[in-house]
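Participant: Read off the chains here:
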Amino acid sequence: MTWTIVRKEILANLLSYKFYVVILLAAVLVATSFFIMTRDYKERLADYSLIRPKPGEPIAVNPPNPLSIFAKGLDEAMARSFEVGPTGISVRAGQKSGNTVFAFFPTPDFLYIVRVVLSLVALLFGFDQVSREKEAGTLRQMLANQTSRSTILIGKWAGNFLSLAVPFLLVTTLGIAVLGLDPDIRFSSDQVLRLGLILALTLVYIAFFLSLGILISTLTRRASSSIVILLFIWALLVFILPNLGTLVARQVVDVPSVRALSEKREQVWTREILLRIKGQGDMPSHIRSISAENDALEADYRVKFDRLVNLSKNINRISPVASFVYAVTEIAGTGIGEEGAFKGEVVRYKNAVLGKRLASPDLKSSEYPAFLYRYRPLGRVLVRGALFDTAWLAAFGILFFALSYLAFVRYDVR
Amino acid sequence: MIATIVKKEVLGHILSFRFIVTLALLLVVVPVTTFVLTNDYLKRIDDASLRQAEIETYLRSYAHFNRIGNILQATPTPIPFHALVRGLAPDINLGEFDNDPLPVMFPLVDLVFIVTILMSLVALIFAYDAVSGEKEDGTLKLALANGLARPKVILAKVAGGGLTLLVPFLLSLILGLLVILVHPGVDWKGPDWVALALVTLGTALYVMLFYGLGVFISSRHHSSSASIMTSLLVWVLLVLVVPSLSPYIASFLSPTPSRIQVDREAERLGDTERDDLGRKLQAERMRELVAKYPVLNERLSEADKKRLMERDPAAREAFEAARKATQGAWDEANRVQGEKIDTVRRAAAQQEEAQTGLARTISMVSPLSVFTYLATDLSSTGLRNEAYFGRVSDVWDRAFWDYAQKRIAELQAKDPATDWWNTPVDMSDRPRFVYTAEALGGRVEAALPGFLLLFGYGLVFFVLAYVSFLKYDVR
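In order, the protein sequence lines correspond to chains A and B. What the first sequence shows, in this note's numbering, is residues 3 to 416, in sequence order. What the second sequence shows, in this note's numbering, is residues 38 to 512, in sequence order.
A few of these clues could be false.
Within a straight-line C-alpha distance of at most 27 Å, the following computed DSSO-like cross-link-like pairs (lysine-lysine) qualify [to be verified]:
| hint | chain 1 | residue 1 | chain 2 | residue 2 |
| --- | --- | --- | --- | --- |
| 1 | B | Lys80 | A | Lys266 |
| 2 | A | Lys20 | B | Lys508 |
| 3 | B | Lys80 | A | Lys306 |
Residues from chain A that face chain B, not an exhaustive set, calculated with beta carbons under 7 Å [what the hints assert, rightly or not]:
| hint | residue |
| --- | --- |
| 4 | Lys20 |
| 5 | Leu27 |
| 6 | Thr102 |
| 7 | Phe107 |
| 8 | Pro108 |
| 9 | Thr248 |
| 10 | Leu249 |
| 11 | Ala262 |
| 12 | Ser264 |
| 13 | Gln269 |
| 14 | Thr272 |
| 15 | Glu341 |
If you're looking for bench data, these hints aren't it; they were derived computationally from the structure. Since the structure is predicted, the reported quantities are computational estimates derived from the model, not experimental observations. Each residue gets a CB set at the ideal place from its N, CA and C atoms; glycine is no exception.
Given only the sequences and the hints, what does the whole structure look like? Please build it.
Facilitator: Here you go:
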C-alpha cells in the first residue's frame, strides 16, 4: 500500500508545474555553480603553479583543494604562500583578486546552492502535502478506504523525497562526471569517497527540510498559511540564526584583533633586533627568542580563537543548517578545523626550518625540507565533529517526521 | 474611493497572520542585531584605542625611521554607523597569518542583510495573493462589479500593501535605534542621521519594488499557489543567485591577470631583465670610453687604480668618466625597467577596475545589489569608502613622508655622519592619521543613481502589474 502512495506522489509531482520549475531551477543552478567554481579552481591552480616553491625553498604552499569546487570554505586562506623568513612567517595572499565585488556576495558553490536553494525547494515539496489534499477533499476519501494514516504519511514522505532526490542526484552526478573528464581536475580515491559522503549529507539535509515542510503542513489547515510559516522558519534557519550566532559569540569571548597581533609581533622583532645591534647576545639566540615569543603569541591567540569558534559553532548549531555547513566543509577539507590543523603544520614547519638554519648557519637556502600538508584522515574528521553534525541534522529530521506523524494522527481531515 | 480600498488593504494585511509573524520576527531580529552590532562596535573601538596606546609605547622606545614602516600605517577606525551596517567586512584579512575565518563561513547579519533578504521575501509573501488570492476568494469580481475602475484597484493595492509592509520595519528600526541611543559609547552625529534617513528611504523603495513585483506575478496567475511558486523562483534568482554570480561572470567576460602573475612579471622586469639591460648599456658606453681612454682597458686592482688616480690626472679623469658612465647606464636601465613595471602594473590595475565595474553593472540587474551599494555607500562602509580611504591614506602618507624628510634633514644638519636610519627620533609631533568618514554630500551623490534605479525598477514592475491587471480575467 505504501508503495502505491509513493507511486501516486511521484506521478502527481511529475505532472505538476511546481516540479518542472523547481527541478529546472535546481539543475541550472547546480550546473552553473559547477562551471563557475571549476573555472575559479583552475585559476587558483594556475596561480599555484606560479608560486610553487622550487625544491629546497623554505616556503609552505598548499595546492588548492579540488573539493573546493563543491565547498570553497576557507580554501583560499589555506592556499596562500607562507614563506619562512629569517625570524618568522611572511604571508602572501597572492590569489586575492582586485575585484571587490567578490567581497559583497557569498560564493555560489555547490554548498551554497544546496544550503539556500535546495532547502527552499524541499520545503516547497513538503508544504502542502497534507493541507492541500485536505482542501481538495482527497485525504478523506483515502482514509475512508482503510489506509492507515502512517502508511499515507510514510508514502507521502518517501514519494516526495524520491521525486526530489532522484533528479537532483542525476544532475549532480552528471555534473561530477563532466568534471571528471577535465584533465586538470584530479580527484583521489579518498576525495571521491569524501564527495560521496557530501552527496549523502545533502540528501539528509533535503530530508530534514522535507520533514519540516510536512510537519508544518500537518499543523496548519490551509496550504497558504503553511507556506507563510515555512518561509519565515526557513529564513530564520538558513540566514538569521547561523549568521547572528557568530556575532553573539564575539560578545562573550574576547579575541584580540588580527592587526593588534601583527603589531605585537613587530614589536618583539624590533626589540630583539635592537638588542642585537647594541651587541647583546648572538643572533641565533635572538632569533630563537623571537620565534618562541611569536609562537607563544600565536598559541595564545589560537586558544582564544578556538574558544570563539567552538562557542559560535555551538550557538549556530541551534540551526541544523549550520551543522550541515560545518559537516560538509570539514569533510571537503576546507573547514575551520582543517584550517586550524593546517596552520599548526605551518608553524611546525617554520620551527623545523629555523632549527635547521640555526644548527648550521652556513646552510644553503636550497636545502630545506619541502612542505607537504596531509589533510586529516576522514576518520578523524568524522570523529572531530562531522559525525556529530550529521547526527544532529538527521536527529532533527527524524524528530520533525515523528512530530508530523503525531500531528497527522490527530489531524481533522474533514 | 481609492482611500477606501487602501484602507481595506491596510486593514486586511494588518489583521492577517503573516503581518503578525513579520512584526514579531522583525521586532526580535532588528533590535538583537543592533544590540549585538553596537557591542561589537564598542569592542572594536576599545581594541583600536588599545592598539593606539601600544603604538605610542613602541614609538617611545623604537622610533627609528628603519623600524616604523610596518607600525605607522593608516588604518580605518570603526565608525558609529557600524552599529547598523557592517559593509565590506574588514575581518577577512588574507594578508595576515592569523586571519579570521568565521565571517567567510557565515557573513554577519546587519541592517542591509535584513532588508535585502528578509524584507524582500516578506514583500513577496504579502503580495503573492494580492490579485490571484482575491480572485480565488471571489471578492475581486464583486468589487469590480460595483463600477470600480481597475486602475484604482491596482493602485490602491500596491499603495496599501507597500505602506503596511513598512510599518513593521519602521517599528523594529525605531526599537533598534533606541538601543543605539541608549548606549553612551555610540555617538551619532547629524550626517549619520541624515544617511540613515536616506537608507530608510532606499528601504522603502526596495520594499515597494518587491511588492510591485509580487503583485505583477500575482496578476499573471490564476491560482495563488502557482503565484507563490513563481514569486519564490524569481526571488531566488534576483536575490540569491544573480549577485553571487555577477563577479564570476565579469571575470569571465573581462579577465584580469592574477596578481601573482603580475607580481612575477614585475619582479622579472626589475631583476633579471634590468640586469641584462644594465650590463648591455654599460658595455656599450664603456666601449666608447675605452676608445678614448685606453687606460681603462688595463686590468688593474682597486689599490693600483687608486694609486694611478693619485699620480695621473688623466687617469683620474678616465676613471671618473667610467664611473659616471656605469652609473648612467644603470640609472638608465632602472628608469627603462621602472617604466615597464609601471606600465604592467597600471595595465593590470586598469583591467581590475574594468572587471570590478563590469561586475557591479551586471550585479545591478538585481535590486539587492543596487540597494547594497546604495546603503553601504551612504553609510561609508562600501566600495566608495574603500576608494576614499585609499585617497586619505595617500594624503597622510605624503604628509608623513614630508615630515620624515624634514626630520632627517635636521638630523643631518646636526651631524652629517649620523646614521639617521637607526637613530631614535622624537616623533611625538608627527602628523597623525585620523580617519573620518567622507562628507555626506559626496556619499549622497554616489547613491543618487541607486535611488533612481530602484525607483525605475519599481516603476517598471508597477506598470507591468497595472497592464496585467487591466487584462486580468477575474472570473
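Participant: Each hint should be assessed against the structure and marked as holding or not.
Facilitator: Cross-check of the supplied hints:
1. With a C-alpha separation of about 19 Å, the suggested pair B:Lys80 and A:Lys266 falls inside the 27 Å cut-off, and the hint holds.
2. Between A:Lys20 and B:Lys508 the alpha-carbon distance is near 25 Å, which keeps this suggested pair within the 27 Å criterion.
3. As the CA atoms of B:Lys80 and A:Lys306 are separated by approximately 16 Å, the hinted pair is consistent with the 27 Å bound.
4. Taking 7 Å as the C-beta cut-off, the interface hint given for A:Lys20 holds, the closest approach to chain B being about 5 Å.
5. This hint holds: A:Leu27 has a C-beta 6 Å from the nearest C-beta of chain B, less than the 7 Å allowed.
6. A distance limit of 7 Å between C-beta atoms decides the matter here; for A:Thr102 the minimum to chain B is near 6 Å, and the interface restraint holds.
7. Interface restraint check for A:Phe107: the shortest CB-CB distance to chain B comes to about 4 Å, inside 7 Å, so the restraint holds.
8. Hint status for A:Pro108: holds, given a least beta-carbon distance of 6 Å to chain B, under 7 Å.
9. Taking 7 Å as the C-beta cut-off, the interface hint given for A:Thr248 holds, the closest approach to chain B being about 5 Å.
10. Taking 7 Å as the C-beta cut-off, the interface hint given for A:Leu249 holds, the closest approach to chain B being about 5 Å.
11. For A:Ala262, the interface hint holds, since its Cβ comes within 7 Å of a Cβ in chain B; the closest pair sits about 5 Å apart.
12. Annotation: interface hint on A:Ser264 holds; nearest CB of chain B at approximately 5 Å, less than 7 Å.
13. Satisfaction of the interface hint for A:Gln269 is found here, the shortest Cβ-Cβ separation to chain B being roughly 5 Å, below the 7 Å cut-off.
14. Interface hint at A:Thr272: satisfied, since its Cβ lies 5 Å from the closest Cβ of chain B, which is below the 7 Å cut-off.
15. Hint status for A:Glu341 relative to chain B: holds, with the closest Cβ pair at about 6 Å, below 7 Å.
When held up to the earlier numbered hints, the structure conflicts with none and fits them all.
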